[in-house]
Amino acid sequence: MLARDTSNIPEHRQRHMATTRKAVALISGGLDSMLAARTMLEQGIHVEGINFFTGFCVEGHTHAIRAKDRARPKRNNALWAAEQLGIRLHIIDVIDEYKDVLTKPKHGYGANLNPCLDCKGFMVGKAYQWMTENGFDFVVTGEVIGQRPMSQRKDTMPVIARESGAGDLLLRPLSAKLLPPTRPEREGWVDRDKLFDFNGRNRKPQMALAAAHGITDYAQPAGGCCFLTDATYARKLTDLWQVRGSKEYELDDIMLLKVGRHLRPRPHFKLIIGREEGENNFLEGYRRQFTCLRPISHHGPLALLDGTADESDLQLAARVTARFSQGRNAALVQVDVVHQGVTTRLDVQPFAEDEIPHEWYI
Amino acid sequence: MTRHTLDARRLLCPMPVIRTQNKIKSLAPGDIVEVVCTDPGATNDIPAWCRMHGHAVIATETRSGEFIITVEVGKIAG
Ligand code: SF4
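Chains H and V, in that order, give the protein sequences. Take the first sequence: its letter number 118 is residue 650 in my numbering, and every next letter is one higher. Take the second sequence: its letter number 3 is residue 116 in my numbering, and every next letter is one higher.
Bear in mind the hints are in silico, worked out from the structure with no lab data behind them. These numbers were taken from a predicted model, which means no experiment stands behind them. Take the hints with a grain of salt, since some may be wrong.
[Said to hold, decoys possible] Calculated from the model, a selection of chain V residues having no Cβ within reach of chain H, i.e. all distances over 10 Å: (1) H117; (2) D158; (3) T175; (4) T183.
[To be verified] If you want the footprint, here are the derived chain H segments under chain V, 3+ residues with CB under 8 Å: (5) 621-628; (6) 860-868.
Quick reminder that beta carbons are idealized off the backbone N, C-alpha and C, glycines included.
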C-alpha cells in the first residue's frame, strides 16, 4: 500500500527522492486535508497522517449510540480518508492536554465554545512535536485562507505557524501560493509551482481538484470538525461548568452531553433521559455512577440523575421520567429508582406536557 | 509469540483504535492481541488501522453483544 508509482514523477524529482522527504499531514477526514496530503504524495513526498482525538470530535459516537443510526456504515472518517490516500494514520489521544486549550483559550471562542485558533495552534504544535520525534521533515495541513472565520484567515495563518512552533516547516499546500514560501518550498523539497492559491469559502476549486484525483466520497462536516461548534452542545457544557463552579470535565462528562435529553429541574440536579433504545443502552453503562430511574409499569426511558436529590426531588425526577414513558397519559406510573444499589419503587403521576417548564431543558 | 487481551469495552471509536495502536507499540512481531469491544464501529476501524500499518486481523467474532478482533502484530511496529 505504501509503495508509490514514480513513473510519472520527473527525473529531477526522482533523483531528489533518493533522500525522500517526509511530511506529517493533519488528517481530519474532510476533503481539504485529503487534498493537501494528496498534493504532497503527487510530489513524491512520503506522507503519514496524524489525527487528534479531543473527545469532542464528531466521529461515529452518536452513530454508535443511536439505534436508528446503526444501519449506517460506521467508520472513522480520518482512517477512511487515510486509507483512500494509501497512507498510514496515527490517531493520538489528546483528551487531557486539550482541557487547557478549551478552558483557557488565549484567542477566545468562536460562535459557540469552539476555541478554533488555539485548537489549530495546539494540533499543529502536536504534529510538529511528532514530526521531530519521528524524523519527519515538515508538517502539512489542509487549511485554506478565508475558509473559516476564526482560524483560517490570512492574518491567523502566521499565528498558527508561530504559536505551534512549526514556523516555516508548516506547509499549507492549498493556499501556499498566497503565503510566503516555506522552507520545504525554498529548499526544493516541494515544487511551489504545483501548489495552490485557494482562497475563501468557495468550495469549487477543491471540488474540481477532488474530481481530478477521482476522490468522490468524503466527509462534509457542516459547522466544523467538532461538537464545540454546536450551539446545543455548547449550552450543555456551559451548564455543566456553571454547576461545578469551574471549567472541569472528564471524558465521561463530555460523552454524556452527546446523549439524551438534558433537563435541569432544580439547580442541584439534572436528568439525562434516553431518547431511544440505543441511548438507553449507552446510559445503562453509567447506572452505577449515577442515581438511575426506570419506568416499570410502562415501557419507557432510562434516566440518570446527575447531582444530589432528596425524597421530593426523586419524586419530581420520577414524574419527569414518567412523562417520557408510554404511560405519559396514565394516572400513575411505577418508576424504579436505583441509588447506590438500593432500589425504591415509586408510584408517580406523570407530568403533563405543559407542566414541564421550557427552562428545564438545557 | 505471546498472547494478549485488550479490554476496549464501553469505549467509543476512535478510542478502541487508539488503545490498540498503543498496545501494539509495546508488542513484538508475531504477537497476538485480542481486542474486546462493544462499539460496532471498531469492527471497521481496527481492521482499517491494521491494514495500513501492516498488522493482520486473523479473526473477528461476536459473542453476546461484544466484538472480539484478533490481531497478529506485523513487522512494522507503530
Ligand atoms: S471546529 Fe473544533 S476541532 Fe475544529 S478547529 Fe475548531 S475547535 Fe478545533
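- According to a criterion of three or more residues whose C-beta lies within less than 8 Å of a C-beta of chain V, is the region 860-868 of chain H covered? Check failed, 0 qualifying residues.
- Find the nearest Cβ of chain H to the Cβ of T175/V and say whether that gap is larger than 10 Å. Holds, since 14 Å exceeds 10 Å.
- Query: In terms of beta carbon proximity below 8 Å, does the region 621-628 of chain H have 3 or more residues touching chain V?
  - Reply: holds (count 5)
- Message: If we take the beta carbon of H117/V, is the closest beta carbon in chain H still more than 10 Å away?
- Response: 19 Å, holds
- Item | Non-interface label on D158/V, tested against every C-beta of chain H at 10 Å | Nearest chain H Cβ is 5 Å from D158/V, so the label is violated.
- Message: So T183/V supposedly isn't at the interface. Is its beta-carbon more than 10 Å from every beta-carbon in chain H?
- Response: About 19 Å separates T183/V from the closest Cβ of chain H, which puts it past 10 Å; holds.
Checked against the numbered hints given earlier, the structure breaks hints 2 and 6 and satisfies all the rest.
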